[in-house]
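Participant: So the chains spell out like this:
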Amino acid sequence: MTAGESYLIKQISVFSENRPGRLAAIAAALKEEEINILAFSIAEADGFGVVRALVDKPDKAYAKLSARGFNVAFTDVIAVQMRDEPGGLFEVATLLGTAGINIEYAYAYHSRDAAVLIIRVDRAADAAKVIKEMGGKLLSTITIQ
Amino acid sequence: MQCWDPRMEFLPREDLERLQYRLLKLLVCRLYHFSPFYHHRMESARVHPDDINTLDDVNKLPFMYKSDLRDSYPDGIFTATTEDLVRYHVSSGTTGKPTVVGYTAADLHNWTDSLARGLSSCGLGRGDVVQVCYGYGLFTGGLGLHYGAERIGAAVIPASVGNTERQVEMMQDLKATAIACTPSYLLHIGEVAERMGISIKNDTSLRVGILGAEPWSERMRTRVQDWLGIKAYDIYGTSELSGPMFSECSAQEGFHVWGDLALVEVLDRESGEPLGPGEEGEMVVTMLQKEALPMIRYRIGDITSMETDVCPCGRTHPRVRRVTGRVDDMLIIRGINVFPSQVEYTLMTIPEVGRHFQIVVDRKGSLDDMLVRVEVSPEGISDRIQDLIKVRNTVEQKLKNTLNVTVEVELVEPGSLPRFEGKSKRVIDRRNL
Amino acid sequence: MGPKRPRDQAPLPRDYDQGIIGMFWNEVIETLPPDALEALQLTRLKETVHRAMKVGFYKKAFREAGITQDSIKSLADVEKLPFTRKQDLRDGYPFGFFAVPLPEVNRIHTTSGTTGKPTVVGYTKNDLDSWADLIARNMTMVGVRKGDVFQNMVNYGMFTGGLGFHYGAEKMGCTVIPSATGNTKRQIEMIHDFGVNVIHCTPSYAMHLSEVAEETDFSMDSLKIGLFGAEPWSETMRRELERRLDVTAFDSYGLSELFGPGVAFECPERNGLHIWHDAYLTEIIDPASGERLGPGERGELVVTPLTKEAMPLIRYRTGDVTKLLEDRCACGRGTKIARITGRSDDMLVIRGINVFPSQIEHVILGLPEVGNQFMVYVDRVNHLDEMLIAVEMNRESFHGELTDLTRTQAKVAKSLRDALDLRTTVKLVEPGSLPRFEGKAKRVVDRRGVV
Chain G
1 MTAGESYLIK
11 QISVFSENRP
21 GRLAAIAAAL
31 KEEEINILAF
41 SIAEADGFGV
51 VRALVDKPDK
61 AYAKLSARGF
71 NVAFTDVIAV
81 QMRDEPGGLF
91 EVATLLGTAG
101 INIEYAYAYH
111 SRDAAVLIIR
121 VDRAADAAKV
131 IKEMGGKLLS
141 TITIQ
Chain Y
1 MQCWDPRMEF
11 LPREDLERLQ
21 YRLLKLLVCR
31 LYHFSPFYHH
41 RMESARVHPD
51 DINTLDDVNK
61 LPFMYKSDLR
71 DSYPDGIFTA
81 TTEDLVRYHV
91 SSGTTGKPTV
101 VGYTAADLHN
111 WTDSLARGLS
121 SCGLGRGDVV
131 QVCYGYGLFT
141 GGLGLHYGAE
151 RIGAAVIPAS
161 VGNTERQVEM
171 MQDLKATAIA
181 CTPSYLLHIG
191 EVAERMGISI
201 KNDTSLRVGI
211 LGAEPWSERM
221 RTRVQDWLGI
231 KAYDIYGTSE
241 LSGPMFSECS
251 AQEGFHVWGD
261 LALVEVLDRE
271 SGEPLGPGEE
281 GEMVVTMLQK
291 EALPMIRYRI
301 GDITSMETDV
311 CPCGRTHPRV
321 RRVTGRVDDM
331 LIIRGINVFP
341 SQVEYTLMTI
351 PEVGRHFQIV
361 VDRKGSLDDM
371 LVRVEVSPEG
381 ISDRIQDLIK
391 VRNTVEQKLK
401 NTLNVTVEVE
411 LVEPGSLPRF
421 EGKSKRVIDR
431 RNL
Chain W
1 MGPKRPRDQA
11 PLPRDYDQGI
21 IGMFWNEVIE
31 TLPPDALEAL
41 QLTRLKETVH
51 RAMKVGFYKK
61 AFREAGITQD
71 SIKSLADVEK
81 LPFTRKQDLR
91 DGYPFGFFAV
101 PLPEVNRIHT
111 TSGTTGKPTV
121 VGYTKNDLDS
131 WADLIARNMT
141 MVGVRKGDVF
151 QNMVNYGMFT
161 GGLGFHYGAE
171 KMGCTVIPSA
181 TGNTKRQIEM
191 IHDFGVNVIH
201 CTPSYAMHLS
211 EVAEETDFSM
221 DSLKIGLFGA
231 EPWSETMRRE
241 LERRLDVTAF
251 DSYGLSELFG
261 PGVAFECPER
271 NGLHIWHDAY
281 LTEIIDPASG
291 ERLGPGERGE
301 LVVTPLTKEA
311 MPLIRYRTGD
321 VTKLLEDRCA
331 CGRGTKIARI
341 TGRSDDMLVI
351 RGINVFPSQI
361 EHVILGLPEV
371 GNQFMVYVDR
381 VNHLDEMLIA
391 VEMNRESFHG
401 ELTDLTRTQA
411 KVAKSLRDAL
421 DLRTTVKLVE
431 PGSLPRFEGK
441 AKRVVDRRGV
451 V
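Residue numbers (this note's numbering), protein chains in the order written: chain G, 1 to 145; chain Y, 1 to 433; chain W, 1 to 451.
No lab work stands behind these hints: they were computed from the structure. The beta carbon of each residue, even a glycine, is placed where N, CA and C say it ideally should be. Hints may contain errors.
Far from chain Y by the CB rule (all over 10 angstroms, computed), these chain G residues [to be verified]:
(1) Pro58
(2) Arg83
(3) Asn102
(4) Glu104
(5) His110
(6) Ala114
(7) Glu133
(8) Thr143
Have a look at the derived ranges for each label pair, beta carbon to beta carbon [as the list claims (entries may be wrong)]:
(9) Y:Asp71 with W:Val444: 49 to 59 angstroms
(10) W:Lys411 with Y:Asp362: 44 to 54 angstroms
(11) Y:Arg326 with W:Gly332: 57 to 67 angstroms
(12) Y:Arg326 with G:Phe74: 47 to 57 angstroms
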């Protein structure tokens, strides 16, 4: 494992139709396996969407959701730690901009310890490396999962 | 050699010019007396039919512009009654109102005949299968070539545009020997065919391409001919002249402008003085026999040169070389004429976007791609992606409706497009033909 | 008191020009007395059988049925002849049904087949003339005249509806606006600006047009006649269209295999369609048994075209359900057929375009990104048919990105569009969520109701 790769975090992406009850069905499956959701977002499209989540037990989540008939995939994302105070996002965003990293999508969560920006970029491993080199703080797989 | 109307096509030059003079005189007399529009035009220019005594006197007559058609929308300068009209074609104008062209039965006959002569001179006739891939309907390309190919007794496939894989299948299965389309679309068909594992050169019966509605080059001709194993001919026209009208002959040395139907001049762009053979300038056309919508010294806006010597094929009518440019900012996108002013006009009707825009034209693969970048206005901003997509779709739909061509729209942030003072350079054309 | 009007006859609008009744494009042929008509039909049937013998399919079929040139001695002998089905035409792709060498062919149309390959239809110059002539008869019959401005709002190109009416109207001396489909606001603007009197389109598009017109400042007062066809429509729809557009509406029937539009048309009596008996020998059969049915009995329309040169057909099964009407028409023309009430197969008509569920299946099975199950939902939204196709995402094709889905959706939509010539809405659903059928699948849910 290279230095960059341990910072690639497995996000679960679930294909879901845009109709009532689908999210509840996904959440029920995760609950039954006592899987904790750290961060979560829904991307909308025409009639369907993708539910994205960072969970503590991604492999278990994948297996459970697949068994329930959901169409699930893993996507590599990077979690960048931010200072939880005004200007925190600015620092990280400036770093990403300077490094020439283009964000496909992003969402964030905030916990007692830190604020975290989760980003999906192309060539995630390279991006992680650059961010590290430029002094950015990344959460590793171990910290989260 | 295939020939549709040998007597006319090989008419000795002096006889042809005598005929042209007589037709011009007749036309001028008719319009002076029966068309208020032309009467007024000629009065303003202080010309009387009596002043037209030689063919060269044509240069005493006032010019006509595309704006004359727009200003007289829909049929203000028609010289035929509705009773005698058999067809309308409509193309987009420079802004707002479209350009309308009416035809009498004789106009349709002459248009079709002009194409029958041209197609025959490219070696087409009975037994050929002609796939017409220009748009049918209000655009003159489809029905024009359709009638021309039908007149010479070919089997016409009215394929129209789109669904390229099916076009390839039809070409192969229905044994098309000729195709009429834009040169870029033919390249695209060739590429799609290869992806399907079909070589047009080896696996189809295609031998002739009648290519027009957009500028192309000798380089492209060589490429198309070598790659697809066909002979590629240039065809020229515009709806104001009736539609696609004049094509090259087997000599491939410029398109024949049939002298009994049209009088062509090439003028110096600055002085308006007539130029000699081979000299490049603005082409001006007088249609000698059109009934419904006569065109006198019409400034189409195309830059080219003319040859007056007898063609290697033996036909006596003057030839016009490939169009090399435009006098205005008109763009040709997939065979359709587009004026940046139309884009501006359309954007002004959509409150969700601003009025600054940028047009980027590129050739992706073989096909023209037009991107319009436009700023979202405060009214258009929403936190729902679906709303923004809707705005983009609305702009795309409205532009498509006005321009008759599919464009891609990119919404950009307010204030991000360059501002211009004076004549704005809003077009970036990255095509290299 | 005049003759009693049949119950299902729509009364003509009061301001309709009654003077047109009794106008003919070709009065002699249109009003041939029965014995003369039958003699003409018999001569032409013999010619048609003779022409068909140049076609491999018929050569074989006639041999198997023991048919020779002498077998046709009376019109009743047509029953000895074999049927031709759409499937047979497909099997003859591309030129198997042409009875003339290619240099005699002046036009080629194709129509979508039941699966994959299309049906090819060829025309000689005479065919094109005969076809234009039939359209001219129809238009004259309903009051269209030289000098009328005619806007033809159907697809041009391979679809026979556009060029068919175009040639007929041009032959009559109308001013033709080949507006084709799309851009409804501009269609309305043209109707207004050019003083259009006569329009041709699908009835549902006409309804859409009238609604869009209400939102614009353009009046369509110049309209007087609407020619509507290519899809089934009801008397209720007729009244609604006449009220909204202030036209007199006439039903048009045809199909590409029989030239295109122009096979049968309503006259001003508007209680049934005149099928042109000099050009089409008509039978009604029980679609299951193939037995011929009598006048007044509803069944499948079977047609033997009598003048087609490039592509003669024998007893072509149209799939359309109708009946022969018994009463003689006051206009003086021959026996009519009732308006088409349905299909003997599962073909759908969507915005005037024929769609077979098998075509959709063919497309879906060819796309690895989606599963093999699908459902088709047909609705009418703002008077226009909308077809929604639900298809399951294939597990392997989803890699976690939204673009996997949008790209697949776009690809399915494009493939369907290419195959059907029709814009559809594609809905991606979760794997395993569509109903599975044992036995005969019911994949089509048509929610349009009575139109």
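Participant: Determine for every hint whether it applies to the structure shown.
Facilitator: Hints, one by one, checked against the model:
1. At roughly 26 angstroms, the least C-beta separation between Pro58 (chain G) and chain Y is larger than 10 angstroms, which holds for a residue marked as non-interface.
2. For Arg83 (chain G), the condition that its CB be more than 10 angstroms from all CB atoms of chain Y holds, with the nearest at approximately 26 angstroms.
3. Listed as outside the interface, Asn102 (chain G) is consistent with that label: its C-beta sits roughly 16 angstroms from the nearest C-beta of chain Y, beyond the 10 angstroms cut-off.
4. The claim that Glu104 (chain G) is not at the interface with chain Y holds, since no C-beta of that chain comes within 10 angstroms of its own (minimum 13 angstroms).
5. Chain Y leaves His110 (chain G) outside its interface by the beta-carbon criterion, the shortest separation being 20 angstroms against a cut-off of 10 angstroms.
6. Annotated as non-interface, Ala114 (chain G) keeps its C-beta farther than 10 angstroms from every C-beta of chain Y; the closest such distance is 26 angstroms.
7. Against the 10 angstroms criterion, Glu133 (chain G) stays outside the reach of chain Y, whose nearest CB is about 31 angstroms from its own CB.
8. For Thr143 (chain G), the non-interface assignment is confirmed: its Cβ lies about 31 angstroms from the closest Cβ of chain Y, beyond the 10 angstroms cut-off.
9. Checking the proposed 49 to 59 angstroms range against Asp71 (chain Y) and Val444 (chain W) shows it holds: the Cβ atoms sit about 53 angstroms from each other.
10. Lys411 (chain W) and Asp362 (chain Y) have their C-beta atoms about 23 angstroms apart, which leaves the hinted 44 to 54 angstroms range violated.
11. The given range of 57 to 67 angstroms is respected by Arg326 (chain Y) and Gly332 (chain W), whose C-beta atoms sit roughly 60 angstroms from each other.
12. Taking the beta carbon of each, Arg326 (chain Y) and Phe74 (chain G) are about 54 angstroms apart, inside 47 to 57 angstroms as hinted.
Taken one by one, the earlier hints fail for this structure only at number 10.
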